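Enquirer: Please build the complete structure, drawing on both the sequences and the hints.
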Amino acid sequence: MPAPTQAGRAPGPPDGGWGWVVVFGAFISIGFAYAFPKGLAIFFKEIQNFFGTSYSEIAWISSIMLATTYGAGPISSILVNRYGSRPVVMFGGLLCGVGMISAAFCTSILQLYICVGFITGFGLALNLQPSVIIIGKYFLKRRPIANGLAMAGSPVMLCTLAPLNQFLFDNFGWRGSFLILGAILLNCCVAGALFRPIGAGTALAKTPVNEEGKDALKGKITEDGPMEKKTEEEEGKDCFEKVNQYLDFSLFKHRGFLIYLIGNVLMFLGFFAPIVFLAPYAKHTGIDEYSAAFLLSILAVVDMVARPATGIVANSRWVRPRIQYFFSFAIAFNGACHLLCPLASSYTGLLVYSSFFGLAFGMVCAMLFETLMDLVGAARFTSAVGLVTIAECCTILLGPPIGGILIDTFGDYKYMFIKCGAVMVLAGTFLFIMNYYNYRMLAKEEKERKKKEEHLKSVRTENEGKKNWNKDSTQDGPELEPLRENGEGVKKEMNGTNEV
Amino acid sequence: MTTQDSSQPEVNFVTKTQVGSESSGPNFSVQELKPGGKENSRSVSEHEIVLIGASLEKKISLPSPTKVDLTCKLDDSSRLKDPQVTWKKGSETISHTSKTQNSWTIQVTVSDSSQLGSYTCILKAEEEISATFHLQVPKLEGKEKPVITYERDKAVMVCKTEYNPKAWTWYLANGTELVPIDRILRTDKFQIKRPSPSVNRLEILKLTKQDGGVYLCEATFELGNSQIKFELKVLSIWAPLMPFIAIVAEVAILFTAIVLYEVYSKRKGKESKKEFDQIEQLKSKDSTETQQ
Chain A
1 MPAPTQAGRA PGPPDGGWGW VVVFGAFISI GFAYAFPKGL AIFFKEIQNF
51 FGTSYSEIAW ISSIMLATTY GAGPISSILV NRYGSRPVVM FGGLLCGVGM
101 ISAAFCTSIL QLYICVGFIT GFGLALNLQP SVIIIGKYFL KRRPIANGLA
151 MAGSPVMLCT LAPLNQFLFD NFGWRGSFLI LGAILLNCCV AGALFRPIGA
201 GTALAKTPVN EEGKDALKGK ITEDGPMEKK TEEEEGKDCF EKVNQYLDFS
251 LFKHRGFLIY LIGNVLMFLG FFAPIVFLAP YAKHTGIDEY SAAFLLSILA
301 VVDMVARPAT GIVANSRWVR PRIQYFFSFA IAFNGACHLL CPLASSYTGL
351 LVYSSFFGLA FGMVCAMLFE TLMDLVGAAR FTSAVGLVTI AECCTILLGP
401 PIGGILIDTF GDYKYMFIKC GAVMVLAGTF LFIMNYYNYR MLAKEEKERK
451 KKEEHLKSVR TENEGKKNWN KDSTQDGPEL EPLRENGEGV KKEMNGTNEV
Chain B
1001 MTTQDSSQPE VNFVTKTQVG SESSGPNFSV QELKPGGKEN SRSVSEHEIV
1051 LIGASLEKKI SLPSPTKVDL TCKLDDSSRL KDPQVTWKKG SETISHTSKT
1101 QNSWTIQVTV SDSSQLGSYT CILKAEEEIS ATFHLQVPKL EGKEKPVITY
1151 ERDKAVMVCK TEYNPKAWTW YLANGTELVP IDRILRTDKF QIKRPSPSVN
1201 RLEILKLTKQ DGGVYLCEAT FELGNSQIKF ELKVLSIWAP LMPFIAIVAE
1251 VAILFTAIVL YEVYSKRKGK ESKKEFDQIE QLKSKDSTET QQ
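Protein chains in written order, with our numbering: chain A, 1 to 500; chain B, 1001 to 1292.
Hints listed in this document are in silico derivations from the structure and should not be mistaken for laboratory results.
Remember, it's a predicted structure, so these values are computed and weren't measured experimentally.
Cβ coordinates follow ideal geometry from the N, Cα and C atoms, glycine included.
Among the clues, some could well be false.
Facing chain B, a subset of chain A residues (Cβ under 8 Å, in silico) [to be verified]:
| hint | residue |
| --- | --- |
| 1 | N49 |
| 2 | F50 |
| 3 | G52 |
| 4 | Q111 |
| 5 | G176 |
| 6 | L179 |
| 7 | I180 |
| 8 | A183 |
| 9 | L186 |
| 10 | V190 |
| 11 | R196 |
Stretches of chain B that chain A covers, calculated by requiring three or more beta carbons in the stretch to come under 8 Å of a beta carbon on chain A [stated by the list, open to error]:
| hint | stretch |
| --- | --- |
| 12 | 1234-1244 |
| 13 | 1255-1266 |
Expert: Below you can see the structure in the form of structure tokens.
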């Protein structure tokens, strides 16, 4: 936290140093959050036999877990806004561990729903959001790389968990495996311990900073922008402001946020279904089980490489200012892959499809949160990510069942691929067009704001020039520096924060 | 030689219709036909193997007495022309039932287990290739790897097949002797359930270490019996507890290390900041003194 003497200038994110350790922690945390539900599938057949239930009753465990992980997003956001990332992740890790350990002693399927579905799912939610949020607090210039690296945790963890789960299952049965997995999940607490709180970007900045900010140059270029505006109107709107402090509902007036929300909600309708049905589709075309599983491995390996690579590409100076276009392109590319999949009937064709799918999937995932941060800025990102995940929750859950219905009705997998491809191409095009409009509006607002700034500056220098000339220049200097130093990245921040 | 099991259930989303797929490969093409055994014993089921250049095999599951037509067909693209064809079962030769220009069929009436076995058609011309049909009772599906359970827990072994057997029997392997579990009339220990005609469950309650071993599931069909083995392992609670404690210890150690490192680096930061402040104070004192 900046000392009062330095209150005139909020420090920018470190963009390195301990930040890379935080990226590693986020890598672990995000990896568990995404890969763990998928890795549990190995146990389902045995659990189904043990309790004598049908397959769909077992599949509910996965669905409840996924729904809780995404649906608890806003709660996660509120907790992070209140307590910061670190305690939330550590509590989440503890919850996951407790959930799985108690699952090892379950005697009915309902208890499994609660222990594995709700408790562990909630714990994973408390892991996922804060990890993504804290990257935004530690990085600005190198944020896309950091995001790409952290998101790479998901395929890496999946590739590790899948054989590990099989090994545990063969040696300890499902109960022993759940017990050991509970202990492994406690490592999320360790990852959380690495998330040292940092001053930059904390939305609830203390008053000395705000007052200085008010008097100083209007349109001060830091993430404290929205707080500044709030303190101006705070007298009248106490209760509303309190709610907004914890979960920023004013985001729904934010143009960029709405574009992102609509585009992503649409995209998730066709995002996960192809992965779920890739192996069954391969078996349906006559490929044996091991080769079908190999397709998924290829997907995961390509995904693993694609995510950091995309982060690096997205960080380059040609792409970073237009990162939203890159994101829309990635989504449309993903959709195109699915549309072309029905043409691949041989094993080689499916291998090619899997590789391209892995690439596209990695590209989209790496930039999923980066683009949101880019649009709303790191301060409001905390609330934004919570609101976005709960909206995506519905379509994520609907995607695979709708695909399943299509397959069952038509008896052919190609309609499912066509549906997913079409939905994603549509989402990509929508995002592309809307972001073009958004960029233009932002450029216009930037111009207007600059004009106002110049006008105010000339007025003020006239008035105050006679008095404390020295004091003024020392005040101006540090504040203007962020504008010049951070260049484009900060420009984007400013555009995001000036939005209300 | 490539083998096809024609009674293998299709494990995919499309379970209702059997999709006849041509699986292409280097030398052969085989057509998958609907498993004949599902029809009633009056009708005749047909099975065909199309040969091009290599020998092929096909497994056919028959749960009940039926008549089967086995056909060997020579593909037009094959190099063999006008071969001599003989049908054999073991060493015994069977005469053709019907014959066309490039296909040869025999009809086998399977009324009891003696008619089950391997029927081969041998095509002899410039080279000799053959196609073999294995007529057998349906296979059972269980768990190849050992079933792992814990003391005082319950063990569940599920035995499945594609058809409906007349009866199910479970055996406990005691050395070389097989003891039927029905004879061990302990309903508090052993429970056998039949959730559907083609699935059978053996539940063993209140497990102890001695319950571990080999169990046998047997399904009785009209044409014979089919068996599958299950291996049961009963572990004590300490088995998974050791890795568990090890991992928890690792988590605790890492966690403490991180916290200690942070406290240490903060303390270092405070000390250097104190020094910095002291220097600043001296400097300002100096400057005020010089001003005065």
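Enquirer: Now look at each hint and say whether the structure bears it out.
Expert: Here's how the hints hold up against the structure:
no., hint, result
1, N49, "holds, 5 Å"
2, F50, "holds, 5 Å"
3, G52, "holds, 6 Å"
4, Q111, "violated, 14 Å"
5, G176, "holds, 3 Å"
6, L179, "holds, 5 Å"
7, I180, "holds, 5 Å"
8, A183, "holds, 4 Å"
9, L186, "holds, 5 Å"
10, V190, "holds, 5 Å"
11, R196, "holds, 7 Å"
12, 1234-1244, "holds (count 6)"
13, 1255-1266, "holds (count 4)"
In this structure, only the earlier hint numbered 4 is contradicted, and the remaining ones agree with it.
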